[in-house]
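I would like the entire structure built from these sequences, with the hints used as guidance.
Sequences listed follow chains U and S, in order.
Residues in the first sequence are numbered consecutively from 152, following this note's numbering.
Residues in the second sequence are numbered consecutively from 152, following this note's numbering.
Honestly, I wouldn't trust all of these hints.
What follows is a set of in silico ranges between Cβ atoms, one per label pair, in the way DEER data are often shown [claimed, not checked]:
| id | chain 1 | residue 1 | chain 2 | residue 2 | range |
| --- | --- | --- | --- | --- | --- |
| 1 | U | ASP309 | S | ALA314 | 12 to 22 Å |
| 2 | S | ARG235 | U | GLU204 | 28 to 38 Å |
| 3 | U | ALA242 | S | ASP169 | 34 to 44 Å |
| 4 | S | VAL316 | U | GLU418 | 17 to 27 Å |
| 5 | S | PRO439 | U | ASP415 | 29 to 39 Å |
| 6 | S | LEU197 | U | GLU238 | 39 to 49 Å |
| 7 | U | PRO353 | S | ILE225 | 39 to 49 Å |
| 8 | U | ALA242 | S | THR280 | 49 to 59 Å |
| 9 | S | GLY393 | U | ASP309 | 23 to 33 Å |
| 10 | U | LEU197 | S | THR167 | 51 to 61 Å |
Note that these hints are calculated values from the structure, not bench results.
Glycine residues also receive a C-beta, built at the ideal position from the N, C-alpha and C atoms.
Number of protein chains: 2
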Amino acid sequence: MGVDLGGTKVLTVAITPDGAVQQRCYDTHHARGEVEVVDLVAAAVLQCAADQEVTAVGLAVAAWLTADRSTVTIAVNLGLCDVRLGEAVTARLGVPVILENDGNAAAVGEARFGAARGSRLSIMLSVGTGVGGGVVIDGRVLAGGHGLAGELGHMSLDDQGPACVCGGRGCLECYASGLAIARSAGTTNAQDAVAAARQGDPAALSALESAGIALGRGIAQLSAALDPDVVVIGGGVAAGAGDLLLQPIRRAVRNVRSLSTVVDPPEIRLAACGPEAGALGAAAMVVPRRS
Amino acid sequence: MGVDLGGTKVLTVAITPDGAVQQRCYDTHHARGEVEVVDLVAAAVLQCAADQEVTAVGLAVAAWLTADRSTVTIAVNLGLCDVRLGEAVTARLGVPVILENDGNAAAVGEARFGAARGSRLSIMLSVGTGVGGGVVIDGRVLAGGHGLAGELGHMSLDDQGPACVCGGRGCLECYASGLAIARSAGTTNAQDAVAAARQGDPAALSALESAGIALGRGIAQLSAALDPDVVVIGGGVAAGAGDLLLQPIRRAVRNVRSLSTVVDPPEIRLAACGPEAGALGAAAMVVPRRS
Chain U
152 MGVDLGGTKV
162 LTVAITPDGA
172 VQQRCYDTHH
182 ARGEVEVVDL
192 VAAAVLQCAA
202 DQEVTAVGLA
212 VAAWLTADRS
222 TVTIAVNLGL
232 CDVRLGEAVT
242 ARLGVPVILE
252 NDGNAAAVGE
262 ARFGAARGSR
272 LSIMLSVGTG
282 VGGGVVIDGR
292 VLAGGHGLAG
302 ELGHMSLDDQ
312 GPACVCGGRG
322 CLECYASGLA
332 IARSAGTTNA
342 QDAVAAARQG
352 DPAALSALES
362 AGIALGRGIA
372 QLSAALDPDV
382 VVIGGGVAAG
392 AGDLLLQPIR
402 RAVRNVRSLS
412 TVVDPPEIRL
422 AACGPEAGAL
432 GAAAMVVPRR
442 S
Chain S
152 MGVDLGGTKV
162 LTVAITPDGA
172 VQQRCYDTHH
182 ARGEVEVVDL
192 VAAAVLQCAA
202 DQEVTAVGLA
212 VAAWLTADRS
222 TVTIAVNLGL
232 CDVRLGEAVT
242 ARLGVPVILE
252 NDGNAAAVGE
262 ARFGAARGSR
272 LSIMLSVGTG
282 VGGGVVIDGR
292 VLAGGHGLAG
302 ELGHMSLDDQ
312 GPACVCGGRG
322 CLECYASGLA
332 IARSAGTTNA
342 QDAVAAARQG
352 DPAALSALES
362 AGIALGRGIA
372 QLSAALDPDV
382 VVIGGGVAAG
392 AGDLLLQPIR
402 RAVRNVRSLS
412 TVVDPPEIRL
422 AACGPEAGAL
432 GAAAMVVPRR
442 S
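Below you can see the structure in the form of structure tokens.
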């Protein structure tokens with residue numbers, strides 16, 4: 152079973168070892184604090200399992216985790232701070248629970264069952280309200296030295312750039328998030344910007360182009376360090392925009408890419424798992440791989 | 152045994168499982184092509200082993216390797232192209248051989264025995280004639296999707312910047328290599344620039360400062376993606392310059408660093424293994440770890 156727990160929604164899937172979804176459940180919620188969150192997760196798992204036996208749960212959370220994945224350091228939208236959430240859910244359900252950050256879990260979902268299937272090292276960038284990400288090596292999450300690797304939206308593209316909510320300057324998120332796209336297109340949200348771009352609106356087209364170029368520059372910087380074979384572009388905005396976002400990304404990667412004479416640039420692909428990527432990835436983390 | 156094979160030098164060490172060097176041998180060479188290179192490596196190993204039994208060899212090479220580490224794709228300074236070098240040395244010596252890129256091997260050396268000992272995810276940047284690098288996760292090299300991760304000198308800091316030998320623009324190496332430091336300081340080489348800076352020469356001080364800032368910006372970009380706990384600065388230029396290079400690096404990392412309110416920035420440390428890091432790392436790859 153995989154659970155993707157956001158600030159207002161919870162998506163649960165039961166999958167076979169091949170990643171086929173046997174059952175999916177979706178709900179909105181307002182759970183805040185450890186007691187409510189554990190109640191919510193337990194109820195979601197039991198509802199989705201129906202009369203099937205639950206053997207293990209992968210739990211993707213919109214949160215920062217410790218490097219050992221035992222503890223939610225902070226989850227602002229869930230009112231959690233320093234909570235050993237995996238243990239707490241295990242105590243309730245009596246099965247092993249593996250915690251992961253939601254952006255990383257989505258990257259695992261795409262690597263195991265989606266657009267990055269078969270890759271050695273894939274990077275996922277999710278363009279939604281913000282810009283999230285994850286790095287997956289041979290099917291496993293790159294956690295980093297303090298557990299916070301994959302915060303790709305907060306790579307700084309320009310240290311003289313605009314201030315970011317994170318405290319940095321010129322972060323990728325300042326140029327390529329749904330909020331940035333809407334602001335630059337003059338629309339109320341990124342969905343409207345995508346719709347306007349499809350009608351040929353110049354400001355909206357230019358907003359997506361700028362976002363794509365920023366994403367492409369970020370990918371190019373990562374490529375020299377990580378050498379990904381596949382980069383997956385996901386999130387609601389990317390799903391709507393498709394090639395309007397992917398083409399400027401590919402162009403920017405080709406333009407910036409160093410070592411291009413000897414290194415194959417990564418393939419840039421649109422995400423294939425949709426909004427279920429996080430839950431699928433969480434489930435995949437507790438399913439043994441066939442290799 | 153670990154061998155570090157450069158274009159003109161070969162350094163061989165025999166180590167204990169703790170990384171204590173039992174024997175070291177150094178030689179210059181002009182070996183070119185598979186036959187001469189295999190002869191050279193075999194002779195270096197047998198000479199350094201003396202009458203001890205050789206059980207396995209780690210071989211660090213100034214080369215690009217395939218992702219599976221079986222094959223040297225290209226080693227310009229050794230005249231090798233598409234050579235299964237590990238197999239060829241195994242055929243000669245009758246022991247297992249593990250190949251690695253020299254920058255990555257040095258990063259392993261520092262992670263296992265040097266400045267990044269005990270780290271979960273460390274990055275090494277080597278400032279010599281160029282800028283090399285490597286990423287080590289739990290003691291193992293991050294190889295990447297095509298085997299070419301860790302080319303940190305070719306991260307682009309400015310896609311409108313100067314042209315780099317690699318075909319890219321504004322690569323870190325263009326700003327922070329020994330060549331760039333010497334050019335900017337107006338000296339014949341980086342060693343002279345370091346000496347002049349120690350005498351208070353303003354142009355030389357400014358050259359090291361600029362190089363440090365560029366390195367710091369590169370490290371800050373990597374930090375959001377990889378979240379290293381330790382970054383090791385090595386190479387001949389860094390060993391000579393010490394704090395003259397490290398202080399601007401630390402300052403630039405603090406200035407750019409996103410997420411700084413929640414993420415500990417990486418510790419920036421001077422390399423501890425010196426020119427033996429590559430050979431030590433190569434040896435470490437064939438020594439079982441005590442954990």
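### Task
Go ahead and decide if the range 39 to 49 Å is satisfied by the Cβ distance of PRO353 (chain U) to ILE225 (chain S).
holds (46 Å)
**Message:** The hint says 34 to 44 Å between ALA242 (chain U) and ASP169 (chain S); measuring C-beta to C-beta, is that right?
**Reply:** Given a distance of about 41 Å, which is inside 34 to 44 Å, the answer is holds.
Has the hinted range 51 to 61 Å been met by the Cβ atoms of LEU197 (chain U) and THR167 (chain S)?
Once the Cβ atoms are compared, 55 Å apart, the range 51 to 61 Å for THR167 (chain S) and LEU197 (chain U) holds.
Confirm or reject the claim that GLY393 (chain S) and ASP309 (chain U) have a C-beta distance inside 23 to 33 Å. Once the Cβ atoms are compared, 30 Å apart, the range 23 to 33 Å for ASP309 (chain U) and GLY393 (chain S) holds.
Does the Cβ-Cβ separation between ARG235 (chain S) and GLU204 (chain U) fall within 28 to 38 Å? For GLU204 (chain U) against ARG235 (chain S), whose Cβ atoms are near 49 Å apart, the range 28 to 38 Å is violated.
Range agreement (Cβ of ASP415 (chain U) with Cβ of PRO439 (chain S), hint 29 to 39 Å) = With a Cβ separation near 34 Å, PRO439 (chain S) and ASP415 (chain U) satisfy 29 to 39 Å, so the hint holds.
Taking 12 to 22 Å as the hint, is the beta-carbon distance of ASP309 (chain U) and ALA314 (chain S) inside that range?
-> holds (21 Å)
If I claimed the Cβ atoms of ALA242 (chain U) and THR280 (chain S) lie 49 to 59 Å apart, would that claim hold in this structure? Holds: the Cβ-Cβ distance is about 58 Å, inside 49 to 59 Å.
Q) Do VAL316 (chain S) and GLU418 (chain U) keep their Cβ atoms within the hinted range of 17 to 27 Å? A) Holds - the Cβ-Cβ distance for VAL316 (chain S) and GLU418 (chain U), about 26 Å, lies within 17 to 27 Å.
Range hint 39 to 49 Å (beta carbons of LEU197 (chain S) and GLU238 (chain U)) holds or violated
Distance hint for LEU197 (chain S), GLU238 (chain U) is violated at roughly 55 Å.
Checked against the numbered hints given earlier, this structure breaks hints 2 and 6; the rest are met.
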